[in-house]
Every structure is written in C-alpha cells, then in structure tokens.
Amino acid sequence: MPPRIRSSQALLLNGCSSPLLSSFTPSHTVAAAAGAAQTTRQCPPSQHTQTSYFSTTAPLELTRLRRDFETWLRTQGKRYRDPTPGEPCRYLGNTKQFSPKGKVFPLNPEFISQPVLSESAREKIWRSVMVDAQPLKAVSAKYSVDMRRVAAVLRLKAIEKQWEQEGKQMALPYAKSVLEMVPVNHLTPERPHEPINDIHVHGYTMQQIFLPTSESREFTRADAAKAFGEHILPVDQKMRIPELLAFEKDLVKGEERRTAEENFYEATTKSERDIADRELIKSQLEEKRKLRVDTDRFEFRFEQISVDKAGRKGRSRSAVGWRYGVPYNDRRRGVVKIPTSVE
Amino acid sequence: MVVKIRLARFGRTNSPFYNIVVAHARTARNSHPLEVIGTYDPVPKADTYDKSGKLHKDIKLDVTRARYWVGVGAQPTDTVWRLLSLVGIIEPKHRTPPKFQPPPSAAPAAAQEV
Chain A
1 MPPRIRSSQA LLLNGCSSPL LSSFTPSHTV AAAAGAAQTT RQCPPSQHTQ TSYFSTTAPL
61 ELTRLRRDFE TWLRTQGKRY RDPTPGEPCR YLGNTKQFSP KGKVFPLNPE FISQPVLSES
121 AREKIWRSVM VDAQPLKAVS AKYSVDMRRV AAVLRLKAIE KQWEQEGKQM ALPYAKSVLE
181 MVPVNHLTPE RPHEPINDIH VHGYTMQQIF LPTSESREFT RADAAKAFGE HILPVDQKMR
241 IPELLAFEKD LVKGEERRTA EENFYEATTK SERDIADREL IKSQLEEKRK LRVDTDRFEF
301 RFEQISVDKA GRKGRSRSAV GWRYGVPYND RRRGVVKIPT SVE
Chain B
1001 MVVKIRLARF GRTNSPFYNI VVAHARTARN SHPLEVIGTY DPVPKADTYD KSGKLHKDIK
1061 LDVTRARYWV GVGAQPTDTV WRLLSLVGII EPKHRTPPKF QPPPSAAPAA AQEV
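Taken in sequence, the protein lines are chains A and B. Start counting the first sequence at 1; every next residue gets the next number (the working numbering). Start counting the second sequence at 1001; every next residue gets the next number (the working numbering).
To be clear, the hints were calculated from the coordinates, so they are not data collected in a lab. Don't take every hint at face value.
Under 8 Å between C-beta atoms, here's a sample of chain B residues computed to sit facing chain A [what the hints assert, rightly or not]: (1) I1037; (2) G1038; (3) K1054; (4) I1059; (5) R1065; (6) V1072.
Backbone N, C-alpha and C fix where the C-beta goes; we use that ideal spot for every residue, glycine too.
Looking at chain B on its own, in the form it has when it is part of the complex (with noise of 0.2 Å):
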C-alpha cells in the first residue's frame, strides 16, 4: 500500500490546526498514523512587537524523519509537498515563475518621446 505524508486537521471549527503525518494512503484522514513528523498551524501569526506587518507560519518538523521517509518512497501530497520543498528536502514541484520586470530603459525613454 501507497505510504503518503500528508496533514490531518485537527483544531476546532474555523481554527484549523495540522498534524503533518506519515499514513497509508487508504486510511481515514485522521486515524492513527505511522508517525506524527510535525505539525502545522496555517493561520498567519504577527510578532508581538513587530510593527512592518509581516505575518509568519509556524511549522514543527523533524527534518530526518521527513527525509527518511521520502528516501523510501513515501508520497507527500501537494501540500506537504510544499512545505518540505521550503525546506530543501526536495526539488519544488512547481517552479514560481520569476515577477515580469519591465526593461528599464524602455519606460523612460517611451516617456521622452511623447
């Protein structure tokens, strides 16, 4: 059977909250699993002093186990898949593509003309 790493909600109602997990791909999304390798909270979080507004996301994640487990062949979801690439365990699967940046002697110089 297909092992996955996957999240399984947790939290109450409009609060979720996420175990990252390691479960056979047949199984109920929040039965017991194979292993518990993290948790994930999604909600966007402000520091307490930090005026910039820059939110953050808390992840707990052990690193090893996560790369043990897909050095045998465990599947993360997309999801998960994600957040381990943020972490270098493997390659992105989708590539963000780079922000279009307008040339910059062209603005300018359409500028001039008219």
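Chain A extracted, bound-state conformation (with noise of 0.2 Å):
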C-alpha cells in the first residue's frame, strides 16, 4: 500500500513544488516554507489542527478563545471548577443571583425542593431506635418525621452499616454533592421536618349531608364518621400516632409536661409491644399449620389447607391452586408487575 499523503497537504506539495520541500520534512518546517511560498506563489495556507500518532502536522497553537477560556477558568470560573462546600447551587448563568436553597433547577423557579434529612439526622434516628431502644412513634414525634419515613430510615441505615461491615465502598461523593445542592434538614428540636398528622380524607367525608339529631345527644365525632357511612373510622383513629391526643388532652387538662411525656411514651411502647405480639401469635399460628419434612436435598413444607375453600360450585377465588375456566392476568398489558412489597 503506498503511504497515503493528506489532500492538503499533497495539494502544498503539488502546487509548490519546492526542492526543499519532500514529504520527509518536519511539519513546521512545512508550514514554515507555506507560509514563505504564499507570499511569492500565492500557495493555498495549511490549515490543520488535528495530529494524530502517525502525522507529522504540528498542532496550532491556542485559539484566542480556548485561551480566554482558560484565564476565565483561573479567575471567574474558579468557583465552578473548585467549588466551596456549602454553596447552594453551581450554575453558569446569573451568577450574581445564585438561586437560594431549595431551587434546585434555575430554570425552573417554580420548582422547590423539600428539605430532606441529613447524614446527622438519619443517625440520630438510627440511634435512638436501635440503641436507645425507643418506640419509633415517640422517635416520630420527637423530631416531627413521618413514621413512614423513620421506618424508611431505618432500613436504609442498616444496610448502609452492614456495607460499612463488609467493606463496601459507598458513593459519598455523590451523596455529598446531592446533599448541597437541596435543602438538608438537621433534625433540631426549633425546626419540624414535616407533619406528622396529616390523615387521608375519605372521598364519602368530602359530601354535605343534613343529619337531624336530637338537641340533647352528644354528637361526636365517631358518630360524624358513622353518618358518613359505616366503613368511615373517626379521625382519632385514622392518625398515624393516636397517643398524641392523649398527649394533648394530659396537657389541657393541667398535667406537667413531663409526666404527659412519660404518659405519651409508655402509650407508644405498649402499643409496640402489642403490634409485636399479634406479629408473633400470628407466625406462631402459621408455623402450627405447616409440617416441615427434612429430606437430604430440600426441605419440604406442607401447609394444610382445605378443600372447602373452593365454595359449593368449587369456583372460588380463595380456593386452592390454580383456577380452571378463569383467565390468569399476570402477564395481562397495562399492568404493573412490580412487586409492591419486600420479604
């Protein structure tokens, strides 16, 4: 294969045909004789930037805006390219304004983003459920997180410290840059994260209806909730946390802060133990209908069920096994196969 000669070039070589000229010149020497040809032969000039291993083309030097860009970046551009923590948000743009905390998309003011807890305040969860053994309705309402969000926590938190266990290593950096850029919440007493007592309206609550009662009777609102239909729980019990009520009923009622707080906290940990209770007989009752058969390879577990489940036309939906005649839709369209809960 003969050597290939770039078009420009060999157009140089041609249109200039220079005795000193050969294609075995360095390339500045090259673009040195160009440039003394254009001035007498009015030779095509050498344009090229791009060297590659096997070219022999020297690069230009700096262009005036490659230039300006890097005194920008040694001077304004330094706090975009070494940024100081702590610094909201790092947008080029209107710099004078920075966008303050919570805007976390410049262009889109009307987004805010909601604080979210910190590195601090999630281990401050995490302790006070797992070693100060606190209910984690008290730990909600003490620091005014939802449950949801404390249980959330601490998962989160125990797998984070079972890596931390084996060694794995973890994406601080990018926590940490996430971290800056929304506004973190440090769990301090003067500061709720979030509401905690917000309940879900039932659509059958949202209607006007005209309820005659006698004057006498005590209308509470267990019974609003009765005329609504009868499936509709009062709001005392819909709340997340009912002992804070009783909470506030010790505290209108003169009791110390204090004891209406031990009160509050017993309240919490008894209704704990009870969920655990009811967890465990539940288990128990299970584990009592299963037989487990240890065998070399499996162990094989027998659950006793009954046949009667199957209704009188044996066409039930709580019977056993696969249903006969009755489509199965588990790879139906439009569905959502993604599992909604955790073993």
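Assembly of the complex is requested from the two constituent chains, each provided in isolation within its own frame, with the hints serving as guidance.
Given below as structure tokens:
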C-alpha cells in the first residue's frame, strides 16, 4: 500500500514544487516554507489542527477563545472548578443571583425541593431506635418525621451499616454533592421536619349531609364518621400516632409536660409491643399449620389447607391452586408488575 | 374408571407449578378435576434471611381429603406417592437404601499398617 498523503498536504506539495520540500520534511518546516511560499507564489495555507500519532503536522497554538476560556477558568470560573462546600447551586448564567436553597433547577423556579434529612439526622434517628430502643412512634413524634420515613431510614441505615462492615465502597461524594444541592434538615427541635398528623381524606367524607339529631344528643367525631358511612373511621383512629391525642388531652387537663411525655412514651411502647405480640402469634399460628419434612436435598414444607375453601361450585377465588376456566392475568398489558412488597 | 391422584401442570414456560388433583385417569391432564386437594411448587427456594444455603419446597395439601381419597382407592402417581409418603399418608414406594458408611475401625487400622 502506498503511503497516504493528506489531501491538503498533497495540494501543497503539488502547488508549490519547491526542491526543499519532501514528504520527510518536519511539519513545522513545511508550515514555514508554506508561509514563505504564500507570500511569493500564492499557495493555499496549511490549516491542520489535528495531530494523530502518524501525522507529522504540528497542532496550532491555542485559539483566542480557548485562551480566554483558560484565563476564565483561572479567575471567575475557579468557583465552578473547585467549589466551596456549602454553596447552594453552581450553575453558569446569572451568577450574580444565586438561586436560594430549594430551587434546584434555576430555569424552573416553580420547583422548590422539600428539605431532606441530613446524614447526621438519619444517624440520630437510627441511634434513638436501635441503640436507645425508643418506640418508632415516639421517635417520629419527637423529631416530627413521618413514621414511614423513620421506618425507611432504619431500613436503609441497616443496609448502610452492613455494607460498612463488609467493606463495600459507598458513593459518598455523590451523596455529598446531592445534599449540597437540596435543602437539608438536621433535625433540631425548633425546626420540625414535616407534618406527621396528616390523615387521608376519604371521598365519602367530602359530601354534605343533613343529619337531624336531637338537641340533647352528644354528637362526637365517631358519630360524624358513622354518618358518612358505616366503614368510615373517626379521625382519632385514622391518625398515625393516635397517642398524641392523649398527650394533648393530658396537657389540657393541666398535667405537667414531663408527666404527659412519660405517659405518651409508655403508651407508644405498649402499642409497639402489642403489634409485635400480634405478629408473633400470627407467625406461630402459621407455623402450626405447617409440617416440615427434611430430606437430604430439600426441606418440604407442607401447609395444611381445606378444600372447602373452593365453595359449593368449586370456583371460589379463595380456593387453593390454579383456577379452572378463569383467565389468569399475570401477563396482561398495562398492569404494573413491579412487586409492592419485599419479604 | 380409575380415579388417580396426580399433578396438573400450570404455571408458565420454565416456571412450573402444579395442582395436586383427584381426577379420572382417562381425562386430560389439565381438565377440570374431581377435586383440587393441594398445590406443589417444584422450584426450590431459599429463605430470605437464611445464609445456610438450604433450600425448601412449598406444598399445600388438604391431608384429610388426601387420606380419604387414598382410603377409597384412588391411585397416586409416583410423584404424588412420594409427596404423600412424606406426610405419612401412605408407605413410601421406594425405600431409600441407607447410605454406605465404612466401618469405623477399618480405615485407621489400614492406614497404620501402611
């Protein structure tokens, strides 16, 4: 295969046939010679910027734009290159007016991020539940963090601690930079994280009902719930931490705050213990229905069921096993198949 | 007609799942049976928090009905026979031979001689 000559270089060689020039001449000599030739013989100038390992063409010097950019990086742009920690958002553009905390996307000022729990806050929650053995409800009420969030923090922290023990590498720089962008809550008593008493508003309770009752009758919240529907729960029971009601009532009654808090702590502890007991009994009953037969390879777990569940016609939904003559829509389109629970 | 206790394969491709059914022998495998007395999931599973690596298989069974059907002469297939024998409803068809164990004194004595 003959040696390839780049088209412009070939042009140069053809156009200005100087005895000085050969394909082995170093590139800067070529450029200089071309410059000289341009003045005398009007040769097209060399315009290479690319240098490959096989090319003998020298790269051009920095362009002005490039030079300006480097200067900018050394002066104004330094803050983007080496950011100071704690600075909210670093975006190019209107740099005089930095977006305040919460406005994560400067071009979308309508979006304001909710504050998230900081690393120390999550550690605080984990410590108070796992080390100090406080009930979940009490921790939730103490820091004003939703119960579900407390539970999520505990689950994630458990994984984090396990990974730490296993020596797994964690994406800490990523977490750090994300936490720098969004508003962060460190869980101080004077700054509640989020409302914890929000209840779900049932559609039935949105209607207006004219309910005649006698004047002498005491009409409570429970009665109001009954009026909306038999299955509607009163607000007191719908709250995630109904023990807070007793706490407030204690305060209204004139109890000391300390006593009320102690009562609240006791009540939440008891409720947590009750739930644990209930779960234990449930699992024990389940275990009782099971017979485990261990063989060399597998353990066979026989669960006792009743064929009567199939109903009189044998087509009941609660019947055991795959059903006959009924479509099984596990692969139907448009149905979310992501599991909703983790064992 | 002979009444059998057998498995009816449901589930999907490569993920079998069986109903343990009581059906007439001449009927099709997945046809409507006389009775569904349980299920058998042949895919061995591990417990989520169990690190021992031991696997288990889940079976649901109405033991009383199984006893009844065996009592009135229903004939279990080999696989169902094996399952029913695990619960003690029938005697196992094939007794597993006891594992060979070398006599305890022979091996060390031989080693000493060499």
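Report task. May I ask you to test the interface hint for R1065(B) with respect to chain A, counting a Cβ-Cβ separation under 8 Å as satisfied? Result -> With a closest approach of 5 Å, the R1065(B) hint holds.
Query raised in the report: Can the hint on V1072(B) be confirmed by a CB-to-CB distance to chain A that is less than 8 Å?
Result: 15 Å, violated
Query - Cut-off 8 Å, beta-carbon criterion: hint that K1054(B) touches chain A - result: 6 Å, holds
Query raised in the report: Should the hint that I1037(B) touches chain A count as held when the rule is a Cβ pair under 8 Å?
Result: With a closest approach of 6 Å, the I1037(B) hint holds.
Report task. Using Cβ atoms only, decide whether G1038(B) comes closer than 8 Å to chain A, and label the hint accordingly. Result -> Constraint on G1038(B) satisfied, holds at 6 Å.
Query raised in the report: Hint check: is the beta carbon of I1059(B) less than 8 Å from a beta carbon of chain A?
Result: 5 Å, holds
Hint 6 from the earlier list is the only one contradicted by this structure; the remaining hints agree with it.
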